[in-house]
Amino acid sequence: MATFSVLGSIAASPDTCVSPVLKSSPGLLRSPVSVSAMSSRISSSTVDVRSCRREGDDGFSNGSRSHSDDPYTKILSTVTAFGASALLASTLFNVEAAGALDRVEAGVLFQRTCSGCHSGGSNILQPSATLYKKDLDRNGLTSVDEIYKITYYGKGRMPGYGEKCTPRGQCTFGPRLGDDDIRALAEFVKSQAEEGWRN
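Going by the working numbering, the sequence shown wraps up at 199, each residue one higher than the last.
Treat each hint with caution, since some may be false.
Stated by the list, open to error - With beta-carbon atoms standing in for the labels, derived distance ranges:
(1) 124 with 178: 25 to 33 Å
(2) 156 with 196: 46 to 54 Å
(3) 195 with 74: 43 to 51 Å
(4) 70 with 194: 52 to 60 Å
(5) 179 with 128: 24 to 32 Å
(6) 157 with 137: 15 to 23 Å
(7) 168 with 196: 52 to 60 Å
(8) 78 with 180: 38 to 46 Å
(9) 105 with 75: 38 to 46 Å
(10) 145 with 116: 45 to 53 Å
(11) 169 with 119: 21 to 29 Å
(12) 80 with 144: 39 to 47 Å
(13) 116 with 168: 19 to 27 Å
(14) 73 with 179: 24 to 32 Å
Claimed, not checked - Heads up, simulated BS3-like pairs for lysine-lysine below, C-alpha to C-alpha not over 25 Å straight-line:
(15) 133 with 149
(16) 134 with 149
(17) 164 with 149
Since the hints were derived computationally from the structure, they do not count as laboratory data.
Since we're looking at a predicted model, the values are computed, not measured.
Note that CB positions come from ideal geometry on N, CA and C, so glycine has one too.
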């Protein structure tokens, strides 16, 4: 029985097909073998992973075959295509999830800031100024920008929450909100009004 050493290192699964690169091994065949078959014969060897070729190809030359004939290339390209598809799908899912997360955060902000007077879209101070679609339309608040403006500056009994709200008596005595928060509230109110405040 001949002994030999193998060059390189292994970075393959046990079922990977490899071509061992032999230093000096007279009488040994240079044909591809599986890692699991080699590991039973070579306990502490390292293996240079190369693509397996068909019988008759020594595994060291590039050969004249196109890669489309190689079943391993086909498998690799299929796996790559599925991986790319999965990555794209997960990215699209994350965009939708981010939109849902923004809506939840706006709902929490609404509960914290507005629900004292506008719980569920109502208005405990002015029953004719609810956040339901019919009242918003009647009061001229038909767009997100108009809802943003009244939330920022206030009007009548509605205090303004904007950082630059004036006059001071029209503004909330509590913490002020940034532009992004007020925009999120305006979008939340508009969407809830269109859905009838079901959520």
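Comparing the hints with the structure gives:
1. 124 with 178: 25 to 33 Å: The hinted range 25 to 33 Å holds for residue 124 and residue 178, with Cβ atoms some 26 Å apart.
2. 156 with 196: 46 to 54 Å: For residue 196 against residue 156, whose Cβ atoms are near 24 Å apart, the range 46 to 54 Å is violated.
3. 195 with 74: 43 to 51 Å: holds (50 Å)
4. 70 with 194: 52 to 60 Å: With Cβ atoms ~57 Å apart, the hint holds.
5. 179 with 128: 24 to 32 Å: holds (29 Å)
6. 157 with 137: 15 to 23 Å: holds (20 Å)
7. 168 with 196: 52 to 60 Å: violated (36 Å)
8. 78 with 180: 38 to 46 Å: Holds, since residue 78 and residue 180 (Cβ atoms, about 44 Å apart) stay within the stated range.
9. 105 with 75: 38 to 46 Å: With a Cβ separation near 44 Å, residue 105 and residue 75 satisfy 38 to 46 Å, so the hint holds.
10. 145 with 116: 45 to 53 Å: Given range 45 to 53 Å: violated, Cβ gap about 24 Å.
11. 169 with 119: 21 to 29 Å: holds (25 Å)
12. 80 with 144: 39 to 47 Å: Hint holds: Cβ distance 43 Å, inside 39 to 47 Å.
13. 116 with 168: 19 to 27 Å: At roughly 20 Å between Cβ atoms, residue 168 and residue 116 fall inside 19 to 27 Å, so the hint holds.
14. 73 with 179: 24 to 32 Å: violated (54 Å)
15. 133 with 149: holds (17 Å)
16. 134 with 149: holds (19 Å)
17. 164 with 149: Within the cut-off at roughly 12 Å; holds.
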